[in-house]
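Reassemble the complex: the two chains are provided individually, in unrelated frames, and hints are given to aid placement.
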Amino acid sequence: MIRPILFILALSSIGTAYAAIPVKGDAKKGAAIAKLVCIACHGADGNGITPPNPDYPKLAGKQPEYLLKQLKDFKAGKRKNDIMAGMVANLSPDDMANLSLHFAAQKSTPGAVKNPELLEFGKKFYTEGNPDQGVPACAGCHLPDGSGTTVYPHIAGQYSSYVYQQLKRFSSGERDNDRGLVMQSLSLRMTDQEMKAVSEYITSLK
Amino acid sequence: MNKAFLISLSLSLAVLSSAHAAPPKQPKAPGIESPDYAWDAQSAEEAQLLKMKGDVENGKIAYQGCQGCHKPDASGLSDGTYPQLAGQHTTVLIKQMSDVREGRRDNPKMFPFAGKHVVDTQEVADIAAYLNSLPLPGNNDKGPGNDLARGKALYQKDCVSCHGERGEGNAGKFYPVTNGQHYRYMVRQIVSIRDGSRRNANPKMVKVVKRYSTSDIGAVADFMSRISPLKKADK
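Residue numbers (this note's numbering), protein chains in the order written: chain A, 799 to 1004; chain B, 3 to 237.
In case anyone wonders, no lab produced these hints; they're calculated from the structure.
Fair warning: there could be bad hints in the mix.
[Said to hold, decoys possible] Distance windows between CB atoms, simulated:
#	chain 1	residue 1	chain 2	residue 2	range
1	B	Pro-29	A	Val-835	44 to 50 Å
2	A	Ser-890	B	Glu-35	54 to 60 Å
3	B	Gly-174	A	Lys-827	53 to 59 Å
4	A	Ser-890	B	Ser-194	52 to 58 Å
5	B	Glu-35	A	Ala-883	49 to 55 Å
6	A	Leu-917	B	Val-162	49 to 55 Å
7	B	Gly-174	A	Gly-875	46 to 52 Å
8	B	Pro-26	A	Pro-820	26 to 32 Å
9	B	Lys-233	A	Lys-833	55 to 61 Å
10	A	Ile-819	B	Gln-44	30 to 36 Å
11	A	Ala-883	B	Ala-43	45 to 51 Å
12	A	Pro-914	B	Asp-81	25 to 31 Å
13	B	Lys-53	A	Pro-914	51 to 57 Å
14	A	Thr-907	B	Leu-150	55 to 61 Å
[To be verified] Cut-off 25 Å, straight-line C-alpha distance, at most; resulting in silico cross-link-like pairs (DSS-like, lysine-lysine):
#	chain 1	residue 1	chain 2	residue 2
15	B	Lys-73	A	Lys-994
16	B	Lys-73	A	Lys-922
17	B	Lys-73	A	Lys-921
[Stated by the list, open to error] If you want a taste of the chain A side facing chain B, the calculated C-beta under 8 Å gives, among others:
#	residue
18	Gly-932
19	Ala-937
20	Thr-947
Each residue gets a CB set at the ideal place from its N, CA and C atoms; glycine is no exception.
So that you can see chain B by itself, here it is in the shape it has in the complex (with noise of 0.2 Å):
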């Protein structure tokens, strides 16, 4: 019997003879705060669920778990406390699922649904595949109004040339579609972004955002939250 063999047997005792098993709790992984960080590092989960081909039939059974939530079409709550889905690029579906999973996005909440002990990695990659077949519902929840030139100014000089004219995002580079979010979600990303909480964020964002006021954020996230529906995202 060698010293491995002895770990391995007290710890599946351990297992074995703990009363109830309980929940895993959200890993916390280096994010933007560590001074390595590579907002778009990929892990070795995320590297293969990019290289592989999601099916959607069984994306749509494997989403059953998620629809609690998410609704059953990917539209989320107007409120913010879900975001939209349906359309969004594959890869950053992969990509902040990845996060949620390995803990470079502190989400508390929807881990206990979506860690690697109840979703495996083909489903992760079925789920995105699935998600992304799905038209952009374009009732998504909207901003006062009352500030959208501004708003649309913001946009124009700072949020552009990534997210797009039409809020299309960018599949390669990570960028998510915006067009068709939840304005009280927009919301809620940018300041988390801005105050380093979502420590996955991408820092040339949280530079540009770091200058904005809540009142900023709020006129930017109105106007990108009207801008004319998508009625597909680009692939």
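Pulled out of the complex, with its shape left as it was, chain A reads as follows (with noise of 0.2 Å):
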């Protein structure tokens, strides 16, 4: 009894970065189901809706390990969201392949800068982070242009609002399933005029 309680807490918190593993399924399943389930907030594209909502993200053209990783999440209870919690009850591991594969194919679209005021200085955050308190580079793991990596997802372009909602969900402890709790430590370190900025630098991102 005591053996598979250890194992479950051990494989909870240790991944190796690059054991990502590649996503196997029918991107066309997926585009029937966003068709009855996703398409109300993401669009069918992933696009998400007009006018954009902080609660509905950007899909398209994310790592599809990055889309199944929250899909599991959502249905495991480690990101907690109760509107995705009853979207995610009646899917299954197959059915969160296929749409993690369906969005990935689709093209992201250029996100709308409201504020272009902040991009100077969201722009030397993202590229140079803040040295002073420790907080890395956006860059580094999401890459200069926010395509991401199997590892770390693609942001360019998401909703400014979204993104800010998430930086303060990470540095509340709210959102947790981040590896490592690497974007909570850093977002710890970050100003609410820095999450601003920031968030306004991404979506202005291609």
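Right under this line is the structure:
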């Protein structure tokens, strides 16, 4: 009885960066589910809805590994969100893989900058971080163009309101499904102004 | 049901019921302040790492989590906030990362991104192999250049026997490559080694730099920052 519990705890806390497992499935089947389940909030192509809602992020062009992890985490309650918990309740593992491949294959639309005066500082923060406070540059993991990797998600063009809201949730601990709690650690070191500016810059990335 | 089971069950329930996970704090292990300190004693993980073969390609991927501070070319930051790491000895990288991971080198800034909760043992070996494979950038921060004769004299008298004519260090003895390191980083480290706040220091070096004024430290670090660049550190 002891071993399974310890084993589960160990599994939930450790991960190897380059061990991202490629997602296998059928994007066409995913597209069919998206039209039934996801369309109202995320749009059929995963570019969200108009006007943008910070609760409904763009999913188009994100890495399938990232999308699948989030769906699994919603289902397992590791990423807590009442709406998404309801949405994923009836999805099978195959459905989630197929949806991830569908949204990953869509083209992300450019974001709309609302506060251009924040872009200069946002760019500086994105590319340099804040060395005094020990905040790494966002560009280190998410790459200078925001395209990300199989470990760190694509964020270019994401709604600034969603990015800002997620940074707030990481810093409060409300969202704690990030690998090694790295996002939580760094967002705790960020000011509100830095979060606003970098969110705006991320929206501007193409 | 035995006692161990009950303890592990209550621990796991405590984990599950806590509202949010919080990032772990850096542990604090005994260092130079403790009586039985041996500066190059190896922890279990460090001994394992020193025997492992790191994979350069995987290290390049794992290093993505480091480059937000240390930069894609691993040249760090010229103001000395982050050191230059490219071409550093694998042994030195492993020792220093282990010391941060296990709390013998206090670094609360770095720990959330380098602790065992986020970087596993194989990744440390891979990151060290990758960094060692990189060419030295050779564009490091230099000092003011106004006291180089004294800096050279101090270096030749006190430092050269360990750190080498050109700051090439010694991989087998865990002495770092200092060639091409940022002046302000070296000043900061020598001061903290002198003053005891770098708790994983070599007592031999502490003894040498105890006698140094801050201007002595500036002079020797300035000289070191200007030694003609090495292209590639020896292995």
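Taking the beta carbons of Ser-890(A) and Glu-35(B), is their distance inside 54 to 60 Å? Between Ser-890(A) and Glu-35(B), where Cβ atoms are some 57 Å apart, the hint holds.
Go ahead and decide if the range 55 to 61 Å is satisfied by the Cβ distance of Lys-233(B) to Lys-833(A). 58 Å, holds
Report holds or violated for the interface hint on Ala-937(A), using the least CB-CB distance to chain B and a cut-off of 8 Å. 7 Å, holds
With a cut-off of 8 Å on the beta carbons, see whether Thr-947(A) makes it to chain B. Since the shortest Cβ distance to chain B is 6 Å, the answer is holds.
Holds or violated: 30 to 36 Å for the Cβ distance of Ile-819(A) and Gln-44(B)? The hint (30 to 36 Å, Cβ to Cβ) holds, given that Ile-819(A) and Gln-44(B) are roughly 34 Å apart.
Whether the CB-CB distance between Lys-53(B) and Pro-914(A) falls inside 51 to 57 Å: 54 Å, holds
Tell me if the straight-line CA distance from Lys-73(B) to Lys-921(A) falls inside 25 Å. 16 Å, holds
Within 26 to 32 Å: is that where the Cβ-Cβ distance between Pro-26(B) and Pro-820(A) falls? 30 Å, holds
C-beta pair Pro-29(B), Val-835(A): status relative to the range 44 to 50 Å that was hinted: 45 Å, holds
Is the shortest C-beta separation between Gly-932(A) and chain B less than 8 Å? 3 Å, holds
Check the following: the C-beta atoms of Ala-883(A) and Ala-43(B) are separated by a distance inside 45 to 51 Å. Holds, since Ala-883(A) and Ala-43(B) (Cβ atoms, about 49 Å apart) stay within the stated range.
Given the hint that Lys-73(B) pairs with Lys-922(A), test it: the Cα-Cα distance must not exceed 25 Å. Distance ~14 Å between Lys-73(B) and Lys-922(A) Cα, so the pair holds.
In this structure, every one of the numbered hints holds.
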